[in-house]
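4 protein chains.
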Amino acid sequence: MSGRHFLQIPGPTNVPERILRAMDRAVVDHRGAELPPVVFEIVEGLRRTFQSGDGAIALFPASGTGATEAAVVNTLNPGDRVLAFNSGAFSHAFAEVARRHAVEVDEIELSWDRGVPPDLIRDRLRADADHTYQAVLVVHNETSTGATTDLAAVRRAMDGAGHPAMLIVDAVSSLASLDFRFDEWGIDVALAGSQKGLMLPPGLGVLCIGERALRRAEEVTTPRAFFDWRPVLKEMERGYFPYTPATLLLYGLREALRMLDEEGLLRVFARHHRLADAVRAAVRAWELPVQCREPAECSHTLTAVVVPEGIDSDAVRRAAETHFNLSLGAGLGRLAGKVFRIGHLGALNDLEVLATVAGTELAMTVAGLRVPVGAGVTAAQQVLLEQLLSGSR
Amino acid sequence: MSGRHFLQIPGPTNVPERILRAMDRAVVDHRGAELPPVVFEIVEGLRRTFQSGDGAIALFPASGTGATEAAVVNTLNPGDRVLAFNSGAFSHAFAEVARRHAVEVDEIELSWDRGVPPDLIRDRLRADADHTYQAVLVVHNETSTGATTDLAAVRRAMDGAGHPAMLIVDAVSSLASLDFRFDEWGIDVALAGSQKGLMLPPGLGVLCIGERALRRAEEVTTPRAFFDWRPVLKEMERGYFPYTPATLLLYGLREALRMLDEEGLLRVFARHHRLADAVRAAVRAWELPVQCREPAECSHTLTAVVVPEGIDSDAVRRAAETHFNLSLGAGLGRLAGKVFRIGHLGALNDLEVLATVAGTELAMTVAGLRVPVGAGVTAAQQVLLEQLLSGSR
Amino acid sequence: MSGRHFLQIPGPTNVPERILRAMDRAVVDHRGAELPPVVFEIVEGLRRTFQSGDGAIALFPASGTGATEAAVVNTLNPGDRVLAFNSGAFSHAFAEVARRHAVEVDEIELSWDRGVPPDLIRDRLRADADHTYQAVLVVHNETSTGATTDLAAVRRAMDGAGHPAMLIVDAVSSLASLDFRFDEWGIDVALAGSQKGLMLPPGLGVLCIGERALRRAEEVTTPRAFFDWRPVLKEMERGYFPYTPATLLLYGLREALRMLDEEGLLRVFARHHRLADAVRAAVRAWELPVQCREPAECSHTLTAVVVPEGIDSDAVRRAAETHFNLSLGAGLGRLAGKVFRIGHLGALNDLEVLATVAGTELAMTVAGLRVPVGAGVTAAQQVLLEQLLSGSR
Amino acid sequence: MSGRHFLQIPGPTNVPERILRAMDRAVVDHRGAELPPVVFEIVEGLRRTFQSGDGAIALFPASGTGATEAAVVNTLNPGDRVLAFNSGAFSHAFAEVARRHAVEVDEIELSWDRGVPPDLIRDRLRADADHTYQAVLVVHNETSTGATTDLAAVRRAMDGAGHPAMLIVDAVSSLASLDFRFDEWGIDVALAGSQKGLMLPPGLGVLCIGERALRRAEEVTTPRAFFDWRPVLKEMERGYFPYTPATLLLYGLREALRMLDEEGLLRVFARHHRLADAVRAAVRAWELPVQCREPAECSHTLTAVVVPEGIDSDAVRRAAETHFNLSLGAGLGRLAGKVFRIGHLGALNDLEVLATVAGTELAMTVAGLRVPVGAGVTAAQQVLLEQLLSGSR
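So the sequences go chain by chain: A, B, C and D. For the numbering used here, add 23 to where a residue sits in the first sequence, where the first one is 1. For the numbering used here, add 23 to where a residue sits in the second sequence, where the first one is 1. For the numbering used here, add 23 to where a residue sits in the third sequence, where the first one is 1. For the numbering used here, add 23 to where a residue sits in the fourth sequence, where the first one is 1.
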């Protein structure tokens with residue numbers, strides 16, 4: 024198929040050629056003198072991205088799921104009790120990883136159409152007078168529904184409850200796209216992957232770890248080897264790793280962090296906000312609901328569009344892929360067939376979003392979901408134009 | 024600037040990553056055993072693209088202008104008379120190259136809003152009863168105006184006039200995008216560059232040469248060294264070159280020809296036709312004229328859009344580049360400031376064209392040229408949708 | 024430092040530009056239609072490489088250590104007893120991973136100068152009349168010492184003992200370089216990484232799994248999530264993964280397997296044998312011992328050279344890196360400072376080996392280890408020349 | 024064939040991956056805002072490399088032969104008389120390009136085993152009392168023989184003769200490898216290509232032009248279009264080109280100039296000197312003559328090795344290519360079959376030279392030219408070791 028592919032799933036995202044080029048190089052001796060400066064620059068860059076002054080950064084040659092496992096096995100013992108929330112496929116998977124390692128998980132069932140209500144956390148923690156919960160597991164931006172949880176409010180809720188549970192956060196589809204304040208929000212462990220806002224191919228799990236979690240890792244007895252972060256942190260201090268690192272991804276990550284730095288995190292967040300506004304204006308013009316029912320919680324990195332009864336959302340995706348070289352995300356779990364997801368995160372600009380909206384519009388029509396052709400893209404253009412002309416950009 | 028750049032000038036075109044990758048490799052010994060099979064495959068592929076059974080293919084490490092010079096110095100003597108047409112910046116430059124080499128050029132001044140009228144050629148040749156014209160110089164697709172000359176009709180006109188002049192054709196912005204029939208149209212020399220329909224970066228001049236021009240090159244006395252095609256053709260028969268070839272571009276060209284072959288030339292032509300229809304529908308929706316006034320002659324590879332009096336077309340281009348990561352072509356020569364040009368050739372698909380139209384629309388608005396936002400992209404979408412649903416694609 | 028780097032550690036190995044190029048591409052939708060054919064081709068190619076007719080292939084986005092963990096947690100329960108051998112740093116690490124997961128490991132201490140003696144295995148298993156050992160853990164090619172264990176003999180020993188223990192093999196530095204016969208040798212699980220004979224950058228863990236181990240994985244209760252191979256195998260059957268795969272490495276792996284196929288596995292093994300012979304001839308000419316004392320067990324993928332008392336082997340490595348753009352492997356564990364290791368595996372040819380030997384010779388001299396300059400490289404040349412002239416190549 | 028290719032012809036040279044990577048990128052709008060800073064940086068870097076304060080830099084998308092043509096057509100009229108020297112295939116070709124453009128060339132026949140004797144130039148110019156010679160054409164480093172002409176002495180000879188002829192120099196295989204002093208040596212035009220010391224693939228012709236030649240170009244009437252440097256210089260002042268430039272090569276050239284700057288020109292020259300000494304020590308150990316009979320004139324960028332009567336030098340090349348993945352240069356013109364040429368220029372280090380020498384040694388043996396195996400590489404190692412230990416490096 025001629026021309027460029029539009030990879031608009033909610034991650035992996037489009038890898039900029041500058042990052043691809045940084046990885047297209049000879050592998051270095053991972054025990055030689057070249058690696059440490061790369062590692063140190065990465066650690067500093069990731070801290071900036073997590074907005075943490077001295078969080079410990081651990082890297083694993085793994086997917087985001089691997090990072091989740093690392094967060095769990097280093098902080099929780101078999102039999103420990105945690106509070107988790109089933110507000111989407113990934114928050115459920117988070118709970119499941121803990122459960123697999125014999126953690127007792129109170130997984131609160133929620134509707135899959137909004138973030139985790141901070142009040143609910145406060146109430147649950149207040150009710151736990153004996154402080155039996157070791158941790159609260161929260162997904163910052165639920166990639167299956169496009170709903171964001173307000174972590175500042177979660178922190179206030181936990182403080183309000185006076186509960187000492189750790190706050191462990193999945194930041195896979197938010198880091199480097201949404202404002203994420205590790206220190207300010209009192210997060211104990213945040214985990215992410217390379218393939219979303221960090222604009223890399225998949226293959227790296229990234230963690231930012233606070234003081235309390237570091238201490239906790241010295242005590243827990245959960246069996247772990249590969250995902251034990253202690254030797255990783257120890258070696259990374261010297262610029263090395265206890266395993267053979269995914270060297271080329273490290274060069275890519277360094278370049279990604281330089282790019283984020285050049286654009287400026289605030290501008291990165293503003294760009295994601297603007298592009299999300301454009302997409303949502305399009306969806307409104309199509310007169311289709313988005314899966315996230317709370318406007319204030321709608322994600323700036325992806326939008327899950329609900330298709331009418333009788334239409335298979337996968338038919339839209341297939342039409343987009345077959346006719347328009349456009350990949351959209353599928354509905355996951357209980358949303359299979361009911362929503363399709365537009366990813367608008369990572370390296371992305373106005374024209375790519377307009378192309379995506381225009382292509383989605385055509386794909387819907389081909390798939391039998393009649394929307395007024397041009398309405399969505401026009402609405403998206405207007406949002407972008409207004410922001411530009413108002414000088415807010 | 025985040026995301027991908029939209030290089031929608033009328034060439035160089037976007038180089039597919041598959042071609043970039045084919046060139047991202049170690050240089051080979053240009054006198055070793057590896058090169059000949061590459062050269063032979065290229066020669067066959069170019070012949071298919073020129074639609075020539077046994078035209079001689081010559082490659083020069085040069086730009087399209089270099090290929091023009093090669094066409095001139097190998098076929099024309101100082102003092103020879105040729106018929107040329109100033110119907111745009113590139114047809115004028117064609118004449119100028121000949122003039123520089125002391126050829127006597129009858130350069131017919133035409134309005135820059137259509138192709139060369141075949142009747143005009145017939146009349147001029149008929150009037151040349153003594154057959155003083157050695158050649159007719161025609162640009163197939165005038166890149167500065169977006170007007171195509173009907174070469175089949177030109178051939179009929181020349182035959183109708185019973186004139187033996189050579190037909191030398193600039194196919195720079197048509198080859199591999201528009202139907203081009205070297206043999207059927209009785210072309211003597213056709214010249215092109217690597218950076219348009221062939222989807223490569225600039226740096227290669229390409230010629231297809233007929234029997235008569237080959238013989239002519241043996242006779243002409245015009246001083247030439249680098250652009251003498253005789254040693255080139257002789258060495259290329261063995262798979263080599265008399266100069267150090269641009270080796271990596273050869274690998275890229277091989278890949279480009281394979282891609283054209285996989286898509287199929289007919290489908291390549293149809294795709295350019297379809298995308299051009301979409302762009303022109305957008306321009307109509309903007310209620311702006313295109314520079315080419317003859318609908319049947321409007322180019323399928325680029326569209327020159329005329330801006331209203333009082334608007335500087337370069338302001339549109341600057342807005343597109345500054346705000347939307349979109350490069351449009353400038354008005355050239357007497358069209359400077361009066362038109363901007365949208366390139367829609369090479370590796371390109373529906374969504375890239377829709378993004379280009381959407382971005383152009385916004386850039387015009389920013390530049391003060393008020394068009395109904397969304398009208399153009401909607402019109403373009405409708406064209407693409409209709410073609411898809413009607414099964415004509 | 025000008026010119027190319029010689030990465031002659033025993034892995035990661037030099038990644039051929041053809042493989043780098045295959046990975047330098049846009050990321051695809053890992054749930055789209057493009058991935059399955061890639062996955063299926065990889066599975067077939069890996070089976071060929073493992074020499075297994077229908078072994079189940081599981082891929083993890085992880086290092087070789089991750090693959091080790093996958094082998095352990097899917098086949099062994101806490102409290103299970105296994106037989107392991109400390110014959111080098113990696114065989115010890117293998118035992119340690121099992122121990123970390125609460126497996127009871129009988130780790131037989133061996134001298135670090137040869138492979139595991141099959142007789143020892145036979146005797147130990149015979150002595151285990153109650154068949155308490157669930158598995159025998161063996162490293163095929165111990166990367167820290169350069170000693171290979173004869174797996175065919177191990178299989179005979181296990182059969183001779185009539186013991187049903189599983190045979191779990193670390194093939195990290197042997198797969199795709201040394202003859203490895205999964206089916207013939209009755210291996211239950213073999214694990215490897217991407218960065219050695221497979222010529223890729225690090226980042227992929229690879230397993231080949233037999234029928235018995237598959238059944239065993241259904242029964243074991245060891246906590247596991249990321250490294251649970253059951254969902255991986257299930258998804259891979261359809262060409263997908265339960266996690267976000269390291270997409271670009273998959274494209275690289277496909278290319279690597281094609282290259283192995285083009286060269287032919289037998290020729291790949293013969294090349295490694297020839298190059299190892301050349302290196303060892305050089306070491307003999309230097310009158311230095313190799314760490315592996317059993318000539319028949321000396322590895323064809325790396326050579327650990329023992330430096331005389333009073334010399335620090337790391338000084339040789341530093342001289343090589345500083346002055347000659349050559350990376351050699353360090354002595355690991357109890358061999359630190361006592362040996363340096365020359366990697367001669369993966370994509371490698373005669374001239375690269377000669378350069379490595381010549382550079383090592385100079386680095387030794389610079390580091391104060393006086394060897395007759397030229398003696399080693401001359402001896403290596405003679406080996407290569409003889410093999411060439413005798414037609415054995 | 025496994026492993027890396029050793030491209031040790033005297034150019035094109037091995038392109039460092041860093042430069043390949045700089046060229047592996049999207050093409051930019053050659054009339055947009057991105058190009059000028061690239062062009063300006065290139066102009067400054069090339070001036071440094073030519074050692075010229077304000078020489079005009081012109082770039083052509085062409086081979087070195089194209090640059091030669093540009094030097095000729097811009098400075099010489101038909102009928103002008105020039106002094107040239109046939110001391111090798113490229114000095115002869117230089118004369119031939121002038122002759123093709125109707126220049127009257129006094130091409131002095133020399134033996135092909137040394138540089139041009141400055142005394143000869145002085146005598147010839149003194150004898151030309153009427154100053155009929157417009158120019159002296161000299162090849163700095165004759166790539167076919169490996170002999171360098173002493174340009175400082177040539178300048179003194181011309182000054183000594185009090186002759187105003189221009190000095191036009193082919194620096195193709197010397198620039199960026201050998202000391203080249205455009206200003207100090209009073210050179211009027213120097214020409215080079217991208218594919219030698221500049222470490223790029225072929226495809227760019229480079230000229231440095233002095234004040235007098237610039238004025239001369241305004242007067243000469245030689246027909247020229249593509250190679251007319253006037254519009255090129257004019258556009259390049261603004262950072263653009265009158266033709267479509269080979270954009271990606273420009274990015275590569277910028278990177279190459281940065282690399283030269285980082286290493287430092289003096290160190291680049293010293294490295295070439297050292298590597299050449301090593302190669303020549305090897306040839307002496309083989310007891311074979313080099314084509315350049317004047318030791319002081321032996322080139323530091325390539326060595327032409329004379330094979331004994333009865334041996335075909337091409338058999339050595341074929342053996343090197345077939346068995347050792349090593350490309351050596353052929354004997355050209357009257358040296359065909361009599362010499363092979365070892366290129367040792369561009370991005371190159373000690374180990375690559377040792378590999379080349381070792382491989383050449385083996386290839387000679389295979390081709391029936393018996394040399395003591397190991398003698399050459401040992402001699403080369405000793406040279407490199409001595410220089411290292413003596414601190415001269």
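Calculated from the structure, these hints are not laboratory results. Where hints are given, some of them may not hold.
Listed next, the stretches of chain C that the computed footprint assigns to chain A, with coverage defined by at least 3 CB atoms under 8 Å from CB atoms of chain A [claimed, not checked]:
| id | segment |
| --- | --- |
| 1 | 146-159 |
| 2 | 199-210 |
| 3 | 389-400 |
Negatives, chain A to chain C, calculated, CB over 10 Å [said to hold, decoys possible]:
| id | residue |
| --- | --- |
| 4 | R48 |
| 5 | D206 |
| 6 | A248 |
| 7 | D251 |
| 8 | P268 |
| 9 | T270 |
| 10 | D300 |
| 11 | V394 |
A quick note: this is a predicted structure, and the numbers were derived from the prediction, not measured. All C-beta atoms in this analysis are idealised placements derived from N, C-alpha and C, irrespective of residue type, glycine included.
Numbered hints the structure breaks, given as an ascending list: 1, 2, 3, 4, 6, 7, 8 and 9
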